[in-house]
Amino acid sequence: MPTRRNFSYYLSRFSILLVVLIYLIPIYWIIVTSLKYGSDISAPFPKFFFKITFENYQKLFASKYFSQLLNSIIIGFTSTILAVGIGTLSAYAFSRFKIAGEDDLLFFILSTRMLPPIVVVIPIYLMYTVLKLRDTHFGLILLYTTFNLSFAVWLMKGFIDEIPKEYEDAALVDGYTRFQAFIKVVLPQASTGIAATAVFCLITAWNEFAFALVLTEVGGKAVTAPPSIVSATGKTGYDWGKVAAGTFIFLVPVAIFTFLVRKHLLRGVTFGAIKK
Amino acid sequence: MASVRLESITKCFDDKVALSQLDLEIEDQEFFVLLGHTGAGKTTTLRCIAGLEKLDQGDIYFDNQPMTELDPASRDVAFVFQSHILYPHLTAFENMAFPLWPRKLPEIEVKRRVQDVAEMLHIEHLLWRKPAQLSGGETQRVGLGRAMVRRPRVFLMDEPISNLDAKLRAEMRTEIKWRQKQLGITTLYVTHDQIEAMSMADRVAILDQGKIMQIGTPIEVYNQPANIFVAGFIGNPSMNLMTCRLSESNGEIYGQLIGHLQVALPETIARKGIAREEVWLGIHPENLVIHPQEEDNTIVVEVHNYEALGAETIVDVNLGLDETDQRVTMKCRIPPDQQVRVGQTVWLELQACSIFDRDTGQAIKSV
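Residue numbers (our numbering), protein chains in the order written: chain P, 1 to 276; chain G, 1001 to 1367.
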């Protein structure tokens, strides 16, 4: 029997390794491409051994890419903080108070997610032009916050529903105001949910492409990383080395953030599947 | 410390009436128990007193000061909940200090008060643990400590020990009652367990469907239940209740139980009911005596089952079938040295009983 168990053990480990490798191929491809010379990149047969160069990264440093990455960081994180903050407060209200037409309101909030965002890109473009919000940080932050809010409200409501009401009642009786009770009692216990919601919101805002492309000017001041990578055209078509280098650097901040909150994330994605 | 007065308070949830026109007066330093089944309105009463629920009607006073419009924070009460007593993200010390923080006491005073109470409850060694590392009894102790550090005007306890096992519950009963007497803080204690009510209360109020059925000392509600609801609730086992027809012959008053079975009733009791044809008869199990032979004023019954509990034996006797062919049984409490066996024919003597109105279920007190 032990041999059989060993066999299945190795088989499962091998399968996991295989799947992970398959998933990591694009990442590998990006990393090696970013380290290759242009001629190696466009070689008809992929070169596995090549001369390493950092010229692609140097080109990036010379371009506006890092200021655009900074835009991504500012817009992504600000909209995430806003969406999670407002979402948590409204989820708390939905969870704890009697609200007239609560179900309808919640459905309405969710329904904003039912339309593919691309459908509204033209109306929003026109609105933003009139409001002079095009190519501004504020405009994109507002948009991403709005998109993420419905998601944040629904997810956070689930988490807050799980926190027993007695905790706040006790705090109220002990001399705290409702808001103090929220800060001191509800928030610490909702931290897992907040982290999970924040990861999802950040990834959505971070990766958003269509609006970022349409609502900013080429080379404008609020361009985020995703449209900037696409616009990395050289004189002879796409400069794939620069694209790969930009993409790799683009992955790093969100990977670090996800790594930092990974424990909460696991609980977040399995939310509802596991009952305490 | 304060006396608490509720004046015809009414509370509805949507269309359901949780409390209707409830009047209650709790004296200063009293240990007052609210007893009732689930959904009787006990917890709602506590939550109204704490200010966690808004009243639909009526007023609440502490020492004649109106409380009705005050928010929970200004009422100076401490609430001990049934579950979720401690904040899981704080240590036992922080949990106990939690009610003191909004009072802006100096840090050293907070520490001193928590230490004092912890010493009193013998939980000093637990102070740095998180709630997850505490057992059920320890959690309850810390929860009690949390209520005590504040020295509130009123303690409100909502089934604080019903999640504990039986042995621990008995320990905590004694502990809570003793602490309450020591601190002299007016306490309202909610429970569905009549043993808790009987063993701890100075006075007890029995609630049913948002109405008070009876208020009195444990002995009063046991010996003189105001209605058949209280009679059927208090005592373990509770009173035997059955309808019976009254008749008079040869100057004696008889209660006709089922069929031809009739029993002579103590005259002082029966006189009150003679004006009515039919009454509810309530008999405490200890007021039924089992004789192995026929004696005066006994009825013949059969032993259906018995539980030898050690200090006493509870015997179920079978009286026969009623008009609807249901078996009619009564519970008797007999001394442990008296032997019975299942199926045995015995003679039952009734020593005392209460009677209640057939229609209203209220105790009949005078003619």
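Derived from the structure by calculation, the hints contain no laboratory data. Among the hints, a few may not be true.
[Unchecked claim] Mimicking PhoX-like on lysine-lysine, the simulated pairs with C-alpha atoms at most 25 Å apart in a straight line are: (1) 165/P - 1365/G; (2) 1111/G - 1211/G; (3) 1130/G - 47/P; (4) 184/P - 263/P; (5) 1130/G - 263/P; (6) 1211/G - 184/P; (7) 184/P - 165/P; (8) 1130/G - 165/P; (9) 98/P - 184/P; (10) 98/P - 1054/G; (11) 184/P - 1054/G; (12) 1365/G - 184/P; (13) 184/P - 1016/G; (14) 47/P - 59/P; (15) 1111/G - 1130/G; (16) 98/P - 1111/G.
All figures in this text were calculated on a predicted structure; none of them were measured in a lab.
Distance restraint between residue 1111/G and residue 1211/G, which requires alpha-carbon spacing of 25 Å or less: Violated, at roughly 43 Å.
Satisfaction of hint between residue 1365/G and residue 165/P, Cα-Cα up to 25 Å: Between residue 165/P and residue 1365/G the Cα gap is close to 46 Å, so the pair fails against 25 Å, i.e. violated.
Straight-line alpha-carbon gap residue 47/P to residue 59/P, limit 25 Å: 22 Å, holds
Proposed proximity, residue 1111/G with residue 98/P (alpha carbon, max 25 Å): Outside the cut-off at roughly 39 Å; violated.
Distance restraint between residue 184/P and residue 1016/G, which requires alpha-carbon spacing of 25 Å or less: Not satisfied, since the Cα-Cα distance of roughly 34 Å exceeds 25 Å.
Agreement of residue 1111/G and residue 1130/G with the hint, judged by alpha carbon distance not exceeding 25 Å: Judged against 25 Å, a Cα distance of about 17 Å means the pair holds.
Pairwise hint evaluation, residue 165/P against residue 1130/G, where the allowed Cα distance is 25 Å at most: Holds: residue 1130/G and residue 165/P sit about 20 Å apart, inside 25 Å.
Holds or violated: residue 1130/G to residue 263/P, with C-alpha atoms at most 25 Å apart: 20 Å, holds
Pairwise hint evaluation, residue 184/P against residue 1365/G, where the allowed Cα distance is 25 Å at most: 56 Å, violated
Pair hint outcome, residue 98/P versus residue 1054/G [Cα-Cα no greater than 25 Å]: 13 Å, holds
Proposed proximity, residue 184/P with residue 1211/G (alpha carbon, max 25 Å): Violated: residue 1211/G and residue 184/P sit about 37 Å apart, past 25 Å.
Straight-line alpha-carbon gap residue 184/P to residue 1054/G, limit 25 Å: Between residue 184/P and residue 1054/G the Cα gap is close to 24 Å, so the pair holds against 25 Å.
Going down the numbered hints, you'll see the structure goes against 1, 2, 3, 6, 12, 13 and 16, while the others check out.
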